[in-house]
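2 protein chains.
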Amino acid sequence: MEKNIEISLLFDFYKPLLTESQQQAVELYYNDDYSLAEIAQEMNITRQGVRDLVKRSENLLFAYEEKLGLFKRFNLIENGLDEICSLAQNIIDKTDDSSAKSNAQKILTFAEGLKE
Amino acid sequence: MEKNIEISLLFDFYKPLLTESQQQAVELYYNDDYSLAEIAQEMNITRQGVRDLVKRSENLLFAYEEKLGLFKRFNLIENGLDEICSLAQNIIDKTDDSSAKSNAQKILTFAEGLKE
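Those protein sequences? They're chains X and W, same order as listed. Using our numbering, read the first sequence as starting at 1 and increasing by one per residue. Using our numbering, read the second sequence as starting at 117 and increasing by one per residue.
Since the hints were derived computationally from the structure, they do not count as laboratory data. On a predicted model such as this, the values are computed, not experimentally measured, just so you know. Hints should not be assumed to be uniformly reliable.
[Stated by the list, open to error] Reference listing, derived: stretches of chain W covered by chain X, where coverage requires no fewer than 3 residues with Cβ under 8 angstroms from a Cβ of chain X:
hint, region
1, 119–125
2, 143–155
3, 179–186
4, 218–231
[Said to hold, decoys possible] Simulated crosslink set (EDC-like; lysine to aspartate or glutamate; CA at most 20 angstroms straight-line):
hint, chain 1, residue 1, chain 2, residue 2
5, X, K67, W, E182
6, W, K188, X, D12
7, X, K55, X, E65
[Said to hold, decoys possible] Derived contacts from chain W toward chain X, CB cut-off under 10 angstroms, selection only:
hint, residue
8, M159
9, K210
10, D212
11, D213
12, S215
All C-beta atoms in this analysis are idealised placements derived from N, C-alpha and C, irrespective of residue type, glycine included.
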């Protein structure tokens, strides 16, 4: 079973919509890099049971994103804020206009804050 | 049954997570301002059935927001982008520095784009 990098990202986002055992399996498999056998031992279920649990969770995470598209939307915003930060930094670095510099500094602070 | 303004906003956000009949009932009740009796006729179910459907949908929408908090997060971003736009506009209006003006214009365009 191949690990899909996108799953970790979607999991960060939609984790609360999974059941507790789904969360635990995905957490161990994707974030803590356990093998299926190790998770089976940890969760006291069969290796096939773990595989099903992870597979089901992956499908759910993809389905939530397919329906809501919020991860994609947040990503676009994140990238846009990066652009805004670098443009504001550019104003701060280059202008002699103190009012423009101060407003650009406020923009930078806002945009950095929104990225968190 | 009182109409809750927040429901319309949450519905815009989490609508795809409701079933088709839940979506239809909320749509008619909140967006098209139908009465429960009118929806009952439209959907060919009892008035009590409509009430239950709307109530259940409201609870689901609140529960999704409680778990994910994405509506709140988007709202914060929206407000921050408004601030960024007005600061950028302020730079554009006041500075004689053409490079700062041009970068502020780009910031404004980016921030407006992200709000959509």
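Hints versus structure:
1. With 0 residues having a Cβ less than 8 angstroms from any Cβ of chain X, the region 119–125 of chain W misses the three-residue criterion, and the hint is violated.
2. Evaluation of the coverage hint for the region 143–155 of chain W: breached, as 0 residues show C-beta separations to chain X shorter than 8 angstroms, against a requirement of three.
3. Remark: the region 179–186 of chain W is confirmed as covered by chain X, as 4 of its residues place a Cβ nearer than 8 angstroms to a Cβ of that chain, reaching the required three.
4. Remark: the region 218–231 of chain W is confirmed as covered by chain X, as 8 of its residues place a Cβ nearer than 8 angstroms to a Cβ of that chain, reaching the required three.
5. Distance hint between K67/X and E182/W is fulfilled; the C-alpha atoms sit about 18 angstroms from each other, no more than 20 angstroms.
6. For the proposed pair K188/W and D12/X, the alpha carbon gap of about 17 angstroms is at most 20 angstroms, so the pair holds.
7. With a C-alpha separation of about 16 angstroms, the suggested pairing of K55/X with E65/X holds against the 20 angstroms cut-off.
8. About 23 angstroms separates the beta-carbon of M159/W from the nearest beta-carbon of chain X, more than 10 angstroms, and the hint is not met.
9. Restraint check, K210/W versus chain X: the minimum CB separation of about 6 angstroms is within 10 angstroms; hint holds.
10. For the restraint placing D212/W at the interface with chain X, the shortest Cβ-Cβ distance is roughly 7 angstroms, inside the 10 angstroms limit, so the hint holds.
11. Nearest Cβ of chain X to the Cβ of D213/W: about 5 angstroms, under the 10 angstroms cut. The hint holds.
12. Checking S215/W against chain X by beta carbon gives a least distance of about 6 angstroms; that is within 10 angstroms, so the hint holds.
Going through the hint list in order, the structure does not satisfy hints 1, 2 and 8.
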